[in-house]
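**Q** Chain by chain, the residues run as shown.
Number of protein chains: 2
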Amino acid sequence: MPAEDRAARVRALLESVRAAGRTALTAPEGRVIAEAYGIAVPDEELAADVDQAVAAAARIGGPVVLKIVSPDILHKTEAGGVVVGVEGAAEVRAAFHRIVANARAYDAGARVTGVQVQELLPAGREVIVGAVTDPAFGKVVAFGLGGVLVEVLRDVTFRLAPVSADEALSMLGSVRSAEVLRGVRGQAGVDRRAVAELIRRVSELVADFPEIGEVDLNPVIATDRGAVAADIRVILAERPQPARRTYTREEILASMRRLMQPRAVAVIGASQEPGKIGNSVMRNLLDGGFAGEIHPVNPRAGDILGRKAYPSIADVPGEVDVAVFAVPARSVAAALEEAGRKGVPNAVLIPSGFAETGEHALQAEIVAIAERHGVRLLGPNIYGYYSTWQDLCATFCTPYDVKGPVALTSQSGGIGMAILGFARTTRTGVSAIVGLGNKADLDEDDLLTWFGEDPHTQCVAMHLEDLKDGRAFVAAARATVPKKPVVVLKAGRTAAGARAAGSHTGALAGDDAVYDDILRQAGVIRAPGLNDMLEYARALPVLPTPRGDNVVIITGAGGSGVLLSDAVTDNGLSLMEIPPDLDEAFRRFIPPFGAAGNPVDITGGEPPSTYEATIRLGLADPRVHALVLGYWHTVVTPPAAFAELTARVVAEFRERGVAKPVVASLAGDVEVEEACRYLFERGVVAYPYTTEMPVAVLGAKYRWARAAGLLGGGP
Amino acid sequence: MPAEDRAARVRALLESVRAAGRTALTAPEGRVIAEAYGIAVPDEELAADVDQAVAAAARIGGPVVLKIVSPDILHKTEAGGVVVGVEGAAEVRAAFHRIVANARAYDAGARVTGVQVQELLPAGREVIVGAVTDPAFGKVVAFGLGGVLVEVLRDVTFRLAPVSADEALSMLGSVRSAEVLRGVRGQAGVDRRAVAELIRRVSELVADFPEIGEVDLNPVIATDRGAVAADIRVILAERPQPARRTYTREEILASMRRLMQPRAVAVIGASQEPGKIGNSVMRNLLDGGFAGEIHPVNPRAGDILGRKAYPSIADVPGEVDVAVFAVPARSVAAALEEAGRKGVPNAVLIPSGFAETGEHALQAEIVAIAERHGVRLLGPNIYGYYSTWQDLCATFCTPYDVKGPVALTSQSGGIGMAILGFARTTRTGVSAIVGLGNKADLDEDDLLTWFGEDPHTQCVAMHLEDLKDGRAFVAAARATVPKKPVVVLKAGRTAAGARAAGSHTGALAGDDAVYDDILRQAGVIRAPGLNDMLEYARALPVLPTPRGDNVVIITGAGGSGVLLSDAVTDNGLSLMEIPPDLDEAFRRFIPPFGAAGNPVDITGGEPPSTYEATIRLGLADPRVHALVLGYWHTVVTPPAAFAELTARVVAEFRERGVAKPVVASLAGDVEVEEACRYLFERGVVAYPYTTEMPVAVLGAKYRWARAAGLLGGGP
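Residue numbers (this note's numbering), protein chains in the order written: chain A, 1 to 715; chain B, 716 to 1430.
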């Protein structure tokens, strides 16, 4: 039917349901919606008497199911009120009389409305298609295999609704039991297009009607010739929250530019008194070397740390890009009002004492002030932020000055401190570290929008507990991922973790399965833990992007080769099948008992020249796309020698324009630690005492390269 | 039937199959075995004519299946030769005629032997029961859920055969889809005892008859009233390898004691010449401070590094406990023969050039010499070994002198070097580091037998690529685990890894699923990677054993609390439901907006006294069994203050006899690294920049405590 008729029909139906004070649709109402959206359901008809039943069965054709319809009989099967697979007038007639008689015997007083005559669905694979309203992502469509096994094993996949036909089709391949749908043990596969089309239509339905909270087609019977929903369940949603003020991409970029590259910063609550946050922030701004204007604001002091102080931000001369608030929570509103009037675009709210301590009204008040004036808020309840390329340290923590390509953000202050310590000890090059705290306004999507454009930033790593607007985040991620990797540590993955998230931020942690699927679809690299996020952030910008899937392990320690191979498989990478000519070439350099193939095992007693020759081979051969090195500390090739030759050869090839990712696991005495530092600084990602981390990082780089469309194969 | 009759009957059958040159048993032969072992199979009978078919159906009772039997018809269903669910003389008669007619129509020349009349099995849950011969573990029984989903998802569990009734029953709970067997969606659960009994009988069968290589009952139809094998498949094994010489536990302990606590060590191939292995070994023995006798053996030199040298080990005066071989592979046999004649119980074979380079005959030769003389071989192809409490460094690597409770072994020299470097940088207390290399003789089970008894060793960590005798290892592990944790890093887990294992040691890497289940059953803690093994080894002896399941997180950083909660769930631990009185007690110390419950979030701005008061509460309350601390670096509580107070309080409680495991994650600037070292040395397992590792280590301790029977609940 035409789209407008369809919409009108469904809207009228939903309004009548709402008017009746119901949230769940009845089965006939569900059928109306199914028909409007072209969702196949079994043909059926209510027969008031036996002749109507015979006629209905004849019209439907083929075997049918008869079911008693009575408001007094809840358990039809128990009452003998269901007969399956009758065909032809005589059988239908007999069955009709039998179930009516059974119903009477079961409950003599039961009112019998009639008998439902329903098409008997063919045997097929049971699948589930549904849609839910996720607190972070809104309408989300779900697909999984039906039946108890998958209900037990929870094998289900999600996408943002609406989905395209291709996206819907991809869902059939995203479940663990995907092979089943292709047909196994001689059974035919399901009609993939029909199932995908059903998914697409359900996703369209919930996208068209936000007032629909949940749809459940369970089971859908999928055969090699179609897919029919045996049952459809539709539930209306709660009324949505009022929308917050939104900003365009251009507005976001404009205010974020002034936040991250300010010319003038005011510190509201700047203090002379050591130990006060307003003192630490001032000192860090000054010590950090920020070249712009720094204006202390304090009603009492005329001069703070050598800078003229102003009683109010209104008194500060000229434009101010950022106002850093280092005053108690109760003093924020008034000062924010003044900042808004002055046209300050960014307020960095360090103080705690808002939603995280139950002061929701106070937080709502400052959000309202900010929205009125168009001031963007960072925080509250944060450590502040670093913009290293501006020598800007607007925090009460210690400065950080290793400029580099990674932007790191955290929802939690503790995690922010871990970022700082890790970055310092590993000398990670950083473009920004930003605390998000309560996220009263600025959110991961705003930051990502900026970092996506920021030329200093080549990798973004974000710790988060929830997303206030999952769709905006997905949009920002999709815009960023083709340019640079986005790593996310999503805390509150597990039930226990989600509960702690609830008590920490008052945020409703989403179902992790939804986050996992949708972040992957957005091309985000999900870090399994804090340490992984930090290592990915440190290593990803160091590694060149691979140009293909062929990974080669070159190892001096056979034992490392085995563990590195395990890690390659664990990380979804492919050990290259070495072509005979390359195998022959490797063999020329390694002892006869060394193993060519892959891993290339050069054996432990070899001099630096063997490492060098084989690494050169791997870099020179265009069929090889990434190298994983396993070094074994020996007297013949000490760690420093290995580090020197590897760094030199890799640099030589990069100068020639051959840039392949090279990662290394160093097994040896403590000198390997210095060798790893040496290598890391020279673009080879190297770790001591672990065969897992170098390959995990390479795996993360590959996941990004795939998501960015640089390697074929989607996210 | 009586066991001896049963055995005779099966043995006769298997011999006749072998005599016929077959390895696969026919269906009727399978039935004979099933009947002998009381494995229920569908009742069936071959009917030569229609009257026999009617009689057979009447005897069997209930609905039956008829199947054409013809040597010329392979695809019975295609030929219309199968009818399912006929009952009563008339139906059986009609069906008989129909399928014979169909067969004739299908192939006019087909010879028809008759019609098989078979009991129709009831609808039920399909499961699979089987047994295979694993290269490492021998006869292994398998259980899983049948059907395509589980075939696709590979949800299966293994045990060493034979199993007890209880072990068999435990297998039903060990599959991921275990819930299905208990009954879901209103379906009845299966008869668990009947399924378990079937498993037990299959395991008994393969244990009784090692010549049976594989048994497959697929599918078994399990209902709420029994379990019947719809099909049984039996395949004979290859002839077994000839057995190697075995040693009793007492013999193993006697020779291992002399290896690990020797009074006299000879170095065969000792050398004056720096750079030679025979020189490094001599120097390490001397520099390491070994107090026993050290005898260089070298045909030329009269004096090596100040010790009198002997031309042959035969010339060394007195008893020698260990002969360390530092001569080329080709010279080993002759010297080993002399060592054997002298009665030296242990030969440590450093040289490579044996099986790992394809020299299998050379390795077989030295094994034969060793077996003849009862000399135990360590290696060949190893870095040697350390026995730190004896100040014994019999390696060509550098000495290691931090005496402590962990014994570490590795199959690979590279991994051995990683162990050494890691131990040195973390100052891990070590009782021994042993290289196993080719494992021509001494194996993990010998070492484990010794370390289980060694009072210096409180934890054993082993890197291995294969087990030559998985059953001996399981026996040694079962004897050791009740006393001390055994950590295993099994390399070659994945297909790619297993292939590399094959090329490295010539060992056939077993199916990882078998290793995984059987190591878990043996109570072994499996480390997922090299770094995990090293961290578990370092941390497990530091942690006291928990007395119960209640884990409490106390955190200054809410963000760490969420991540620590995730880690608690990931590691199978339980966040305690805090009782109201304890909750009240915690609340007294934390700000009103801090979250009690679990995690206990004391919030970030608190002084050391709040950490101290809450940690004291957790240690003092007997309902709390383990603490996970999340520290957030602030000016108010700097890292050193947190470390000092935590170590002091923990020590105070331990002095009072209250020893609970306490682990900590420190989020902060680089000073947290020193704080972690301080804590670790004082019995608190602490890590910087990771919320995962402290909880992973606690999880490993819990897994051990459960396996050791110290916590209720088996492995």
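Hints are computed from structural coordinates only; laboratory data are not their basis. For every residue, glycine included, the Cβ atom is placed at its ideal position computed from N, Cα and C. Heads up, a few of these hints could be off.
[To be verified] In silico contact screen, one side only, chain B against chain A (beta carbon under 7 Å); selected entries:
1. E882
2. G1073
3. A1076
4. A1079
5. V1082
6. T1406
[Unchecked claim] With the Cβ distance kept under 8 Å, some of the chain A side facing chain B (calculated, not the full set):
7. T133
8. P135
9. L286
10. H456
11. D566
[Unchecked claim] Some residues of chain A that are not near chain B, with every Cβ distance over 10 Å (derived):
12. R176
13. A188
14. E251
15. M417
16. E453
17. Q458
18. T555
19. F653
20. V672
21. E692
**Q** Are B/A1079 and chain A close enough, Cβ to Cβ, to be under 7 Å, as the hint says?
**A** 17 Å, violated
**Q** Over 10 Å to the closest beta carbon of chain B is the bar; see if A/Q458 clears it.
**A** Nearest chain B Cβ is 22 Å from A/Q458, so the label holds.
**Q** Let's test the interface hint: is any C-beta of chain A closer than 7 Å to that of B/A1076?
**A** 14 Å, violated
**Q** Does A/D566 meet its interface restraint, that is, does its C-beta lie within less than 8 Å of any C-beta in chain B?
**A** 4 Å, holds
**Q** Taking the closest Cβ pair, is B/E882 under 7 Å from chain A?
**A** 23 Å, violated
**Q** With a cut-off of 7 Å on the beta carbons, see whether B/T1406 makes it to chain A.
**A** 5 Å, holds
**Q** For the hint on B/G1073, does the least C-beta distance to chain A fall short of 7 Å?
**A** 6 Å, holds
**Q** Since A/F653 was said not to touch the interface, does its Cβ keep a gap of more than 10 Å from each Cβ of chain B?
**A** 26 Å, holds
**Q** If we take the beta carbon of A/E251, is the closest beta carbon in chain B still more than 10 Å away?
**A** The assertion about A/E251 holds, with a minimum of 29 Å to chain B.
**Q** Just double-check A/V672 for me: nearest Cβ-Cβ distance to chain B has to come out over 10 Å.
**A** Non-interface label on A/V672 violated, nearest chain B Cβ at 6 Å vs cutoff 10 Å.
**Q** Can we trust that A/T555 is non-interface, i.e. its beta-carbon lies farther than 10 Å from all of chain B?
**A** Answer for A/T555: violated, closest chain B Cβ roughly 8 Å.
**Q** Over 10 Å from every CB of chain B: does A/E692 meet that, or does the non-interface label fail?
**A** 4 Å, violated
When each numbered hint is compared with the structure, violations occur for hints 1, 3, 4, 5, 7, 8, 9, 10, 12, 15, 18, 20 and 21.
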